[in-house]
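Chemist: These are the residues of each chain, in order.
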Amino acid sequence: MIEDDVLTNGKTRWAEFLIEAVIQVLGFSAIGFVTLIFVFLLREGVPAFFEVRFDNLFGTRWYPTFELFGTFPLILGSLLVTVTAIGIALPLGVATAVFVREVAPNWAREILKPMIEVLAGIPSVVLGFFGMTLVAPFVRERLGTPTGLTALTGALILAYMSLPTIISVAEDALDAVPKSYRDGARAMGATEWQTIWRVVVPAARSGVVTAVMLGLGRAIGETMAVMLVTGNAARMPVTFDSLFRPARTMTATVAAEMGEVAQGSVHYHVLFGIGLILFVLTFVINLTAAVTIFQKRRRGGLR
Amino acid sequence: MPVLGLTLMNCLPITEDLCSNDCFYRRLLVAGLFLLILTLGLAACGSDPQDSTPDAPTAETIENKGSDTLVNLALAWAEEYMDLHPEVRISVTGGGSGTGIAALINGTVDVANASRRMKPEEVEAAEANGVSPVEFVVARDAIAVVVHPSNPVDTLTFQQISDIYTGKITNWREVGGDDRPIVLLSRESNSGTYVYFLENVVRMGNEESDLLFSPGTLLMPSSEGITAEVSQNPNAIGYDGLGYVTPEQKVVAVARTAKGPFVMPSVETVNNDSYPISRPLFVYTAGEPTGQILAYLEWVRGEGQALVPEIGFVPLQ
Numbered sequence: 001m002i003e004d005d006v007l008t009n010g011k012t013r014w015a016e017f018l019i020e021a022v023i024q025v026l027g028f029s030a031i032g033f034v035t036l037i038f039v040f041l042l043r044e045g046v047p048a049f050f051e052v053r054f055d056n057l058f059g060t061r062w063y064p065t066f067e068l069f070g071t072f073p074l075i076l077g078s079l080l081v082t083v084t085a086i087g088i089a090l091p092l093g094v095a096t097a098v099f100v101r102e103v104a105p106n107w108a109r110e111i112l113k114p115m116i117e118v119l120a121g122i123p124s125v126v127l128g129f130f131g132m133t134l135v136a137p138f139v140r141e142r143l144g145t146p147t148g149l150t151a152l153t154g155a156l157i158l159a160y161m162s163l164p165t166i167i168s169v170a171e172d173a174l175d176a177v178p179k180s181y182r183d184g185a186r187a188m189g190a191t192e193w194q195t196i197w198r199v200v201v202p203a204a205r206s207g208v209v210t211a212v213m214l215g216l217g218r219a220i221g222e223t224m225a226v227m228l229v230t231g232n233a234a235r236m237p238v239t240f241d242s243l244f245r246p247a248r249t250m251t252a253t254v255a256a257e258m259g260e261v262a263q264g265s266v267h268y269h270v271l272f273g274i275g276l277i278l279f280v281l282t283f284v285i286n287l288t289a290a291v292t293i294f295q296k297r298r299r300g301g302l303r
Numbered sequence: 001m002p003v004l005g006l007t008l009m010n011c012l013p014i015t016e017d018l019c020s021n022d023c024f025y026r027r028l029l030v031a032g033l034f035l036l037i038l039t040l041g042l043a044a045c046g047s048d049p050q051d052s053t054p055d056a057p058t059a060e061t062i063e064n065k066g067s068d069t070l071v072n073l074a075l076a077w078a079e080e081y082m083d084l085h086p087e088v089r090i091s092v093t094g095g096g097s098g099t100g101i102a103a104l105i106n107g108t109v110d111v112a113n114a115s116r117r118m119k120p121e122e123v124e125a126a127e128a129n130g131v132s133p134v135e136f137v138v139a140r141d142a143i144a145v146v147v148h149p150s151n152p153v154d155t156l157t158f159q160q161i162s163d164i165y166t167g168k169i170t171n172w173r174e175v176g177g178d179d180r181p182i183v184l185l186s187r188e189s190n191s192g193t194y195v196y197f198l199e200n201v202v203r204m205g206n207e208e209s210d211l212l213f214s215p216g217t218l219l220m221p222s223s224e225g226i227t228a229e230v231s232q233n234p235n236a237i238g239y240d241g242l243g244y245v246t247p248e249q250k251v252v253a254v255a256r257t258a259k260g261p262f263v264m265p266s267v268e269t270v271n272n273d274s275y276p277i278s279r280p281l282f283v284y285t286a287g288e289p290t291g292q293i294l295a296y297l298e299w300v301r302g303e304g305q306a307l308v309p310e311i312g313f314v315p316l317q
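Protein sequences, first through last, are from chains S and F. If you're matching positions, the first sequence starts at 1 in the working numbering and goes up one per residue. If you're matching positions, the second sequence starts at 1 in the working numbering and goes up one per residue.
Here chain F stands alone, though its shape is the one from the complex (with noise of 0.2 Å):
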């Protein structure tokens, strides 16, 4: 574009002695709007997503978004590859799980970062989007539950989770606290973490169970704002992955009957199986990966496990 700009402000000057100095600003008015309506039209077509993502067989690139509990592993992975691969380029991006499935179902990222399962409709989805999607799982997660420091709870049953979050109790008084009102945190509908808790804690794996959140629930739009709130606010209860839990809050142990045996999350306690609310994390590909995702996902499910446990994961056995 700029060079056909130039090649019409040259010539333009030569028309000049055909008539007035007048005239010729207004032919320059006319050929710029005329350009720049053939500008918009151009960036118009360029746009075309058609257009836009050719097979570049150079620098690979390797499209990865989806989970906001898995992006900071996901990015991990991914530095440390290029770092070893300067070849291959992968951009990582968060989102939510559902955020990433439905980026993998439209076609517009390779590899789909998911902390659930795809659910039936969204493999239909894909399915009749010509997309059939892989599942492998990548990690394991432990999802804690997190209080201010000076709260004296120190365990919770399932049930008194479940209580809590339906808005059943609403003073700490009740589960052994101080007298204080019950601020509930929760993640946005589209986290996996909060479909994982709702269906496995609150629920408590009771498919039958119409349980759903109170709506005092506070839906924070991030790991960030529910880390934020827990450490400032000692009235707040809120979840999330193992890897984002800071040391400013302090993390409850859990048990899923009355009888316990109550249970801190640690990277032990999930790999022996004894922490109640753990769950693996997956990724996702648009049919079976083949070249450099097929390479990647390989060096992420072996070597790659050695990056898991500093991000505060638990990595495959």
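Just chain S, same shape as in the assembly (with noise of 0.2 Å):
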């Protein structure tokens, strides 16, 4: 009855169709925004690359107030603290996550996954502040380095920040194997630890591939933190010791020197245009991702 007088009532398909239109448009100002943001970060940026020499933009001296751009020593100091971050953080996640969801009993299991959420809601400041008091010292003393505040201190802390993503995805895709798949593995003899890296791991590395994708996109923007606790000397992290000494990325960059720069200015638009490299290598990353782990799905893994 009720379905009748919906189809035949006027006014009710009206707003039914108001209603699909309003949704619609919500939905589609989304991709608008990405989009708009996208375009102001090329109008601002990309200026950068016609004001500044080339050579003067990928040199390796930032020096804004005397007009020496050099990006090179940022984008390494970001990949530097990053990639670290994601070295120390990537086994201890997914041992975690394996460790939650094979191994741990229910209880602990239940205590354990609200902790981790509750990790990851500790503001980035606060675990800023943390490192520079209590980490930075620590590495000074036990490392013997001349300064607390270095690019490993930034990872360690760095590695903290991506640890609840990686292991609440990680997990996700731990949860996805069928039961079978281990059922089949015990039934071959298969002990617990052979059943878990052989089989279940895995069978879920496409999603461990984007927990730590997912992780890594967490670093490599994460700004106040890393501000806080890397030094900030825009050095060239070329010598092995470069881990233990500071380091300036590209995030702390555009945090610390946008407030004073004059809108439209040479500075301002290295600034976007160091937006816009930060945007590409993202994007670069996640491109990577999507296209290990549809080739591993063509090859025939799990789903």
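Worth flagging that the hints you see were computed from the coordinates, not collected in a lab. All values derive from a computational prediction rather than experimental measurement. Careful, some of the hints might be misleading.
[Said to hold, decoys possible] According to the in silico footprint, chain F covers these stretches of chain S (three or more CB under 8 Å from chain F):
hint	region
1	58-65
2	229-235
[Unchecked claim] Restraint ranges, calculated between C-beta atoms of paired labels, are given here:
hint	chain 1	residue 1	chain 2	residue 2	range
3	F	Gly130	S	Glu141	49 to 57 Å
4	S	Leu112	F	Asp154	34 to 42 Å
5	S	Phe72	F	Thr166	15 to 23 Å
6	S	Phe283	F	Pro86	41 to 49 Å
7	S	Met258	F	Glu303	33 to 41 Å
8	F	Lys119	S	Phe72	24 to 32 Å
9	F	Thr170	S	Asn286	35 to 43 Å
[Stated by the list, open to error] In silico negatives: residues of chain S with every beta carbon more than 12 Å from chain F:
hint	residue
10	Val34
11	Phe54
12	Thr133
13	Ala176
14	Ala185
15	Arg186
16	Val261
17	Leu278
18	Ile285
Glycine residues also receive a C-beta, built at the ideal position from the N, C-alpha and C atoms.
Assemble the dimeric complex from its two separately framed chains, guided by the hints.
Modeler: This is the structure in structure tokens:
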């Protein structure tokens, strides 16, 4: 009865159309906003590549007060800190996810999962302050570096920050592995260890790769904590001890300097140019991840 | 907006008898969406800067922003002045001299604090924006060179400080200290302290000089960052306003030339001009100040000077 009513009532049909239209507009506006942001970034950032000579822009000295806009040390600084952070967080995160999903008894899982989610909610400035007052002196005293404000300190804090993301996503991926895989492995006489590392984790690898990429995205874009603990010295991290020396990341540079620049100046455009470089880097990382996952799927992995 | 929302909600049930229950909820949803769009639209209009800054004649607010060196002093002045004149509200924020001046140029603050003079291009930008900045000296500041309390180095010449900050000297041994690497600390380049120190100490006042801070210099986002690192790290050397020096840091006596005299920064040595790294502190207003802003600045340069030594700066004579 009601169904008939809905279909025949002209007013209702009109309302239906309106609702659909509004929801559609809202959905497409998300795409619109991303496009607008990208266009804005391009408009403000691209002039930098024309205003500053190429060898200056990709030179090794960042000193914007005197028109030295070498972004190379900043790019390398970001990469050094981020890659080290993921190097620390990946084994810890995947191992924790395996423990929570496969090994821990039910009661422990019930406690651990919410705790890990709370970890994700700690504001980055709090972690940065924690890093500055506790981790930095620890690094200096234990590792004998001249200062505790080093790329490693930043990487440690970033690893801690990306852990919740990596654990949660990796755990979901493990959860999605069908029970029949585990049963099959057990039936073949595999031990629990063999089941986990030879069957379950490989089956969930696409999810684990996603987890790492999300963690990487979180780490490379992080600003506040990094600005407080890495020392922000724009030196070229090319020697072996660079990990134990200060570094300056792209995000910290934009955050520290955007407040002072005059709108439309060369420095202003270069800061947006750095944003553009950051955007391209993140895009390449995500693309690589997507391609890897796609290829693995085609090769007959899970799903 | 809430009133409008209520009235719409109230009249909706009246239409209930006109169609089925199902239809009513759809209408409610449509009305909800409509309201949402309306709210967003109105909010967008409301945030128009021309609407949100009316010249309210009641309690006048003075917006004050700029130098982190001056921020504690500006806060102390503002609090004291608001106690004396409850009809005036003064809001003080830091962020660096460059930030304050940029805000003055953009017309978002009434008074900008700066620990350096405005640059000619900043004045130009202000004039282009229809703002003609007026300068006032409000106090004097000395920049102290600080090291860890366990560091045996007591004195440094300008030449030594310059060599240290440009990376020519990298070990404390070379200036009479222990065999330790030197960790250089500086403020970020939006700090007036940074510009002053670069021009007057690293370049030793030589305008032809193109010396720069060493790339290994750690740029700290705040004075607190420098305080924390210098008081923890025996390798560190830093510089900061005298107002920020805490007992956990050791102040070094400074001389312009190797012959001396080596002078410790203090209220006396700054006032009699014997301490070589001292400077005036400024506030800038957009045009000649009038009304409450004028009254406030007169008070600051008069009675307000009594607060200056308490914060660690040097009052005007």
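Chemist: Let me make sure I understand: some of the numbered hints might not hold for this structure. Which ones are they, in numerical order?
Modeler: 4, 6, 12, 16
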